[in-house]
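Trainee: Position chain B against the provided structure of chain A, taking the given hints into account.
Protein chains: 2
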Amino acid sequence: MQLLKDRILKDGRVIGNDILKVDSFLNHQIDMKLMGAMGVELKKSFADRKITKILTVESSGIPIACVMGYLFEVPVVFAKKVEARNLDTEDYEGEVYSFTKGRSYIIRVSKKYLSSTDHVLIVDDFLANGKAVWGMKDIIDQSGAFLEGVGIVIEKGFQDGSKLLKETGIKVVSLAVIDSMENGKIVFRD
Amino acid sequence: MQLLKDRILKDGRVIGNDILKVDSFLNHQIDMKLMGAMGVELKKSFADRKITKILTVESSGIPIACVMGYLFEVPVVFAKKVEARNLDTEDYEGEVYSFTKGRSYIIRVSKKYLSSTDHVLIVDDFLANGKAVWGMKDIIDQSGAFLEGVGIVIEKGFQDGSKLLKETGIKVVSLAVIDSMENGKIVFRD
Chain A
10 MQLLKDRILK DGRVIGNDIL KVDSFLNHQI DMKLMGAMGV ELKKSFADRK ITKILTVESS
70 GIPIACVMGY LFEVPVVFAK KVEARNLDTE DYEGEVYSFT KGRSYIIRVS KKYLSSTDHV
130 LIVDDFLANG KAVWGMKDII DQSGAFLEGV GIVIEKGFQD GSKLLKETGI KVVSLAVIDS
190 MENGKIVFRD
Chain B
10 MQLLKDRILK DGRVIGNDIL KVDSFLNHQI DMKLMGAMGV ELKKSFADRK ITKILTVESS
70 GIPIACVMGY LFEVPVVFAK KVEARNLDTE DYEGEVYSFT KGRSYIIRVS KKYLSSTDHV
130 LIVDDFLANG KAVWGMKDII DQSGAFLEGV GIVIEKGFQD GSKLLKETGI KVVSLAVIDS
190 MENGKIVFRD
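From first to last, the protein sequence lines stand for chains A and B.
Taking this note's numbering, the leading residue of the first sequence gets 10, the next gets one more, and so forth.
Taking this note's numbering, the leading residue of the second sequence gets 10, the next gets one more, and so forth.
If we strip away everything but chain A, and leave its shape as in the complex, we get (with noise of 0.2 Å):
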């Protein structure tokens, strides 16, 4: 999406070869022109689909999810995350490792939001690893709930998580996908 790329090569801020910081305008402060005109963007991408859920994690991934929620009309789940599991059987959990923190943290989801007629869009602001993903698609696993794919934001197109998740035929949506950040510069894929 030029919109997306013309605004990170504005206004994002590369540190070492691999941190963007998109602060400005995706994940603290946030432009909501941007985030409407994406949301339309990326919601082509799935119009075959039938989609009655979109599921995202707090809290960067919540302004994206709720304008594609709007533009579908379906609800919009966000997991939380919390310290630890529990016993507790009225949620469904899900681990995910944080390369950032250098440990895995939980993710929840009240068992009342998602069920097994559900039809999920995974939605979040950045992909790198992947490891939300993984942990979101566990939670939907658990609640017999189908994936339908995954839109994303901003993709790290260098590191594997959009290919792993490809190779296991899931759909995955990218509006931007960075090839390279090297020495500060910012290579897109076409």
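Hint data in this document are derived by calculation from the structure and do not stem from the laboratory.
Mixed in with the good hints, there may be bad ones.
Since the list can't tell identical chains apart, any single copy or any two copies may satisfy a pair.
Below, a list of computed lysine-lysine pairs in the DSSO-like style, where the Cα atoms sit at most 30 Å apart [stated by the list, open to error]:
no.	residue 1	residue 2
1	Lys146	Lys52
2	Lys53	Lys146
3	Lys121	Lys42
4	Lys140	Lys175
5	Lys121	Lys30
6	Lys175	Lys121
7	Lys194	Lys121
8	Lys146	Lys90
9	Lys30	Lys172
10	Lys120	Lys14
11	Lys19	Lys121
12	Lys52	Lys89
13	Lys30	Lys120
14	Lys120	Lys42
Mentor: Coordinates of chain B only, in the frame set by chain A:
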């Protein structure tokens, strides 16, 4: 707002005399059609104000804040919850006491996204004792920005958050004010 009151009566669950669970449509699963209608209603109350920024705190304030940002056509900033203060001068930090958790946490906003020229509308899903709003107000005061008001989805009118804010001259508008939940019966203020 009648649509919201009806929904609270239909889907809200009262636990004890002071806990209202509305996670089926407001803060875990989200009904974006209702969220959109609530944003339109809430905007009317601040249409005469010059708003340049929407401020909320992660995570459950984000959906309604995003709707308000879209409608006002201004950026949304969400304060991040962190474990502890640091000595980093790149952020404004405020303290929020959580009665639920029995301890305080720190909220943080980058100095890049709030300045003395901003006119800020604080938005949140719930207002009870008002501690989160005071934490955000502290951050706004540090930035030199002007607090134009506070827009809330559900206010627990039997707690004193709204009263204390209004006593200092702050405009507070809530779409639904609950005066009592004793014995599981929800009584709204007219």
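Trainee: Please go over all the hints and tell whether each is borne out by the structure.
Mentor: Hint check:
1. Lys146 x Lys52: within (20 Å within a copy, 37 Å between copies)
2. Lys53 x Lys146: Only inside one copy: Lys53 and Lys146 sit 22 Å apart there, 40 Å across copies, limit 30 Å.
3. Lys121 x Lys42: Only across copies: Lys121 and Lys42 sit 20 Å apart there, 32 Å inside one copy, limit 30 Å.
4. Lys140 x Lys175: Only inside one copy: Lys140 and Lys175 sit 14 Å apart there, 45 Å across copies, limit 30 Å.
5. Lys121 x Lys30: Classified as between; 13 Å across copies, 35 Å inside a copy.
6. Lys175 x Lys121: Result: close within a single copy only, 29 Å intra versus 38 Å inter.
7. Lys194 x Lys121: between (45 Å within a copy, 23 Å between copies)
8. Lys146 x Lys90: both (15 Å within a copy, 26 Å between copies)
9. Lys30 x Lys172: within (23 Å within a copy, 40 Å between copies)
10. Lys120 x Lys14: between (38 Å within a copy, 25 Å between copies)
11. Lys19 x Lys121: For Lys19 and Lys121, only the inter-copy Cα distance (16 Å) is at most 30 Å; the intra-copy one is 42 Å.
12. Lys52 x Lys89: The answer is both: 24 Å in one copy and 28 Å across copies each meet 30 Å.
13. Lys30 x Lys120: Between copies only: 15 Å across chains, 34 Å inside a chain, cut-off 30 Å.
14. Lys120 x Lys42: between (33 Å within a copy, 22 Å between copies)
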